[in-house]
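There are 2 protein chains.
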Amino acid sequence: IVKREVTRVITPGTIIEDELLSTSNNYMMSVYESKSGEIYTVLADTSTGDVVVKAFDSLDDLIDFVNTHEITQVICPESMYPQLRDKIKVFIDRLDDWYYTNTIDAIKEAYNVFSIDHFELGDAHYPFGALVKYLNYTINKQAKLRFPRTLDESKYMILDSTTIENLSLVPGERGKNLYDVLNKTKTPMGSRLLKWVILHPLKDRREIEKRLDMVSAFLEDKLLMNEVREYLDGVYDLERIINRIQYDSAKPKDLISLRLTLEVIEPLRDALASNDELSKLLEDLPDLSVVKEKIQSAMYDEIEGELGEGKIIKEGVSKELDEYRELLYHSNEKLKDFEEIERAKTGIQKLKVGFNNVFGYYIEIPKGQVKNAPEHYTRLQTLVNAERYTTPELKEFENKIMAAKQKVEALEKALFENLCNEIKVYTEQLQKVAETLSWIDIYTTFAYVSSLYGYARPVLSDGELEILQGRHPVVERFVDSFVPNDTYMDNRLRMFILTGPNMSGKSTYIRQVGLIALMAQIGCFVPASFAKIPVFDRIFTRMGARDDISTGKSTFLTEMSEVALILSKATERSLVLLDEVGRGTSTFDGISIAWSMSEYIYNEVKCKTLFATHFTELTELANAYDGIKNLTVDVKETADGVIFLHRVIEGVADRSYGIEVAAIAGLPQSIVDRAREILNIIVEKSDIEKKVGIL
Amino acid sequence: IVKREVTRVITPGTIIEDELLSTSNNYMMSVYESKSGEIYTVLADTSTGDVVVKAFDSLDDLIDFVNTHEITQVICPESMYPQLRDKIKVFIDRLDDWYYTNTIDAIKEAYNVFSIDHFELGDAHYPFGALVKYLNYTINKQAKLRFPRTLDESKYMILDSTTIENLSLVPGERGKNLYDVLNKTKTPMGSRLLKWVILHPLKDRREIEKRLDMVSAFLEDKLLMNEVREYLDGVYDLERIINRIQYDSAKPKDLISLRLTLEVIEPLRDALASNDELSKLLEDLPDLSVVKEKIQSAMYDEIEGELGEGKIIKEGVSKELDEYRELLYHSNEKLKDFEEIERAKTGIQKLKVGFNNVFGYYIEIPKGQVKNAPEHYTRLQTLVNAERYTTPELKEFENKIMAAKQKVEALEKALFENLCNEIKVYTEQLQKVAETLSWIDIYTTFAYVSSLYGYARPVLSDGELEILQGRHPVVERFVDSFVPNDTYMDNRLRMFILTGPNMSGKSTYIRQVGLIALMAQIGCFVPASFAKIPVFDRIFTRMGARDDISTGKSTFLTEMSEVALILSKATERSLVLLDEVGRGTSTFDGISIAWSMSEYIYNEVKCKTLFATHFTELTELANAYDGIKNLTVDVKETADGVIFLHRVIEGVADRSYGIEVAAIAGLPQSIVDRAREILNIIVEKSDIEKKVGIL
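Taken in sequence, the protein lines are chains A and B. Position 272 of the first sequence, counting from 1, maps to 272 under the numbering used here, and the rest follow consecutively. Position 61 of the second sequence, counting from 1, maps to 61 under the numbering used here, and the rest follow consecutively.
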């Protein structure tokens, strides 16, 4: 019914208006399976122009990646849709086969190059070309993308979705997370980069040290740190602005924001010049004062009204525009003159000249004086108390004004467009500026947070893990007082069996070790008085229990699948955190599996492992193996009840206090009493523990 | 820097453009705590105008409500913010105190009434008035709301967020859900209503039977059902259209959609007239042919271009508009004439008249002929191969055209606005139409789905629950073959202890009973060959395990809190589904608590309960209590391994097959073998089971 020309198709991945975007990234992913079964993908963020090429070994890896990264839309061939549909939560668009033909040409055209050999795409040109075509169609003009970069797996630690969720690294289902604690960034670009940094811990020791050096340098000169952070307050979302300029959708306020951002660079350079280490940060920064000046000389400093109303482009830029503006703005004076003359001619003192949207300009005469209206007045409109007229002269005046208005609109828009086109030439340099400012934001943020929360610079080791007075960075922010704990592991002493009462803080403790290691590897200081951290190749977690009935995976199968993944991927250099294993099945099955799994990890994988469990039977492992130690969380039983001290000590928990917790949770007293009765009967006579002693 | 007049502040709850909304509701909630501690709230959906008043006894109830309903934004006094901040996931806006003053006046003004006594708001006028003021500010004009309705608690079953999630009732974290299975609705209004219907099962037997009667009537006349569903294909989102008309943001296509929707009513009435039961559905429907005719006579049937281009309002509606349109559209002919005349006058055959946005109309003469240009031609622009000129005559022509263009725009917009205002008068009747069509959509959808998937009409009972060949409505859609199971419970036989191997389908079975009961109570047929269902006052669930480290709740505490809630709120008429209780603590504690809790539910609460567990020790309960029965899921051990038959039978599971599941999940063979070894040792000598026999 409604016929409209398609100007732009909006899909979740192609939104470029700032208002609709959070400060996060907005990647669209194009997926393609080669005949040999490898999966090639290309990711593009249309709001920043970033393009990433990435291959996957299996569909599961791909799905995990999609569900852990900020991907808002997936496009794939019709044939892959059934495999992806149920496993990926984001919007999937299926493409016809023609999208995957002539893909190399499509890419060449997008980048305006003759060859794309240097992109080293391999078969990734299929999803890449399809993506380009898709963008061309949805945004209805040539997609503006930066040169593709390859996500270097060897450089970054892989984090699976389970671990990202279990450690609460970034905002998600769970409220509190590491990102929110660390995010004191000053710019939207910085906060986007921070999220990326948290999800991509480094594996290269030198790279980590380089980041830590920058953070140290800022921490050593807090005055400078605060000064730089103040400058960053004046930095706008350059990445998005650049992109809007490229897509011809920039608005006047974007250029003003761009100019203000560029004005920050000189004072920033001056400030950092005082520090040898930090001045390096701006070394490669291109000089963009020419862009700043272009904007300054063409546009007013403050924006009033909409583009086209004649209040954006400065006087003196265009003689023509100035003339039409003059005509438009002085029409009021001329109308006053005309009114005076008509009053004089007709002798009607209450004669008024006015304007209304539908009838245009009119001469209004009160009802009582209508008989004195001259013959050449043509009636336009009758009101209750007055009549309105026009004359050929007034009509001509009106036509002139209206034409001037349209001219001002067209001219101002054209001049603004020219200005944007001139700035487009500097896209690459502007992107460099955006990147540099983002990293400065990250380093100063890490320095600021470290000073605010008392973090210490981690020391990187070859195998030793030593944390003194370690804290959980997220939990410590939300409790009144947090009890710090030490941790020591090395290549020999590499597994802890942690037993302890409910609610004593077992989960907090093992996550804290994982988070401290991760923070060190993103180049941030860590919540501890001292920390020596080996560079881990991966952090694995298995926590909680949850079934997924629609995929037919029972709670226990989910749990075991996670364990299987860890066992197959973990190396001697990994960190494994286990919070209950074997709870989803019968007790005997559970203990047997947990025991044999622990033995396997200890003997075969040899990675550092923290295992929190309610199976006290497992503490017998420490007797059998030299490098396994039992930890527990200290409690004090008083007359009024149990006090959890949250202090991790060597030893085995003697009780779980489960019934006490049930009472706290509000179970009726009769149930609690009866449960105690039953417990006494079954505990008294049990002997499982004695039996496992013989294993 | 950027000065702009605020025309509308966009907040998550005040979006009324269709493109930005899903088909779901979009409620904003205003929260207020009275001095006596009661919490009053008012919910408003600005896109449909719906307003609901609701009070809560406690903050927890409120939070649960917010997290289970489609609320996109919460507004509250500054003082309440700290309590809500961490617990509510949606955007919260804090309001200054003045919002909560003169609230009654604000409401009166919004509804344009002299008294609001009949709204019976009590202290709810505080959040209500604040909401009105907030909307007035954010949308910058008077909020258009329907009369407030009170959410009647006694009529609907309460569903807590845990249960909504555990039973996967509506789209959320888990992929598959009941809503997606049932949602074969034809209109956006129907799909919104469906979600509401699923989340508000009825407790009134007569109301349920009324809905079931409608579904039956459609099922008995499938031809009619299909015909009605075809008519519904032509129904647009009336609720949203009405709302946009009220907010003066309707577009031409909205009125066309409105007209097309109204055109459906007569054929629909004719079709339903043949059925006595169903014809009642349209009995109270107002006649709105006058609205249809108003639109038809004022607007073209198809929409071309934008409002203001003169292609929306029909010829003959306004003489003035027709005249200006004439002038505008015939300017081309006039220009041709002018071109001919100038060619003749100057003798330049290649002279052309053209238009460009910046310079307006021009006369173009090729470079070679420039010497022949007449004196009165004024130069405008120099091109490579030509010169462009204007003349006073052309200038005047241009002024006239441009003025005509603006007149057409203003006139057409004014006429369209008038039309919208005339339609506004019928708002209440239109809302009635929207509501009626939504319910017809629900009834035909239930009938259609029941026929498609082979559902049976449930019989309502006074206490007996009997399901023959019952299926899980969601799981059966995603597996190749689903094994149906029977269920029988009554006021005596009221608790099942369900043990069985991992992955045998225990969870599916207990959820299936819950879903069948719920479907019956929303008035839908159920996936079974026969079903007799007592009307439950509430369905409770406790499933899975998950800690929330940032709120300091351990897995076990979360589990126990859920149990405590069930024990305090369940009545004899409730249905309780438990999938593992007591797994988050040590085995002995867990068994003790599960046992005493089961006794309490059986003896004190007396509700119907299905309890799936791995504690085989609990099956001893069936020996102690008459109304407790043990169920298990049948397996067949073959030479090649275990076959799960998914058939629920009376009895006790003899093994858990946990190690077999671990093998399936991909644990290394050496771990599996070692686990078997350990299991044999500890099982052989264990005697817990014998001990609980004496309880």
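Hints listed in this document are in silico derivations from the structure and should not be mistaken for laboratory results. Hints may contain errors.
Copies of the same chain are indistinguishable here, so a pair counts whether it falls within one copy or spans any two.
To be verified - Heads up, simulated BS3-like pairs for lysine-lysine below, C-alpha to C-alpha not over 30 Å straight-line:
hint	residue 1	residue 2
1	K87	K176
2	K294	K203
3	K319	K222
4	K629	K319
5	K319	K352
6	K253	K155
7	K424	K569
8	K352	K405
9	K367	K251
10	K176	K280
11	K319	K367
12	K413	K352
13	K251	K319
14	K311	K395
To see whether the hints hold, each was checked on the structure:
| no. | hint | result |
| --- | --- | --- |
| 1 | K87 with K176 | both (26 Å within a copy, 11 Å between copies) |
| 2 | K294 with K203 | neither (44 Å within a copy, 71 Å between copies) |
| 3 | K319 with K222 | neither (51 Å within a copy, 75 Å between copies) |
| 4 | K629 with K319 | neither (84 Å within a copy, 94 Å between copies) |
| 5 | K319 with K352 | between (34 Å within a copy, 26 Å between copies) |
| 6 | K253 with K155 | neither (39 Å within a copy, 54 Å between copies) |
| 7 | K424 with K569 | neither (46 Å within a copy, 65 Å between copies) |
| 8 | K352 with K405 | both (23 Å within a copy, 26 Å between copies) |
| 9 | K367 with K251 | neither (48 Å within a copy, 38 Å between copies) |
| 10 | K176 with K280 | neither (35 Å within a copy, 53 Å between copies) |
| 11 | K319 with K367 | between (45 Å within a copy, 25 Å between copies) |
| 12 | K413 with K352 | between (35 Å within a copy, 26 Å between copies) |
| 13 | K251 with K319 | within (23 Å within a copy, 39 Å between copies) |
| 14 | K311 with K395 | both (26 Å within a copy, 25 Å between copies) |
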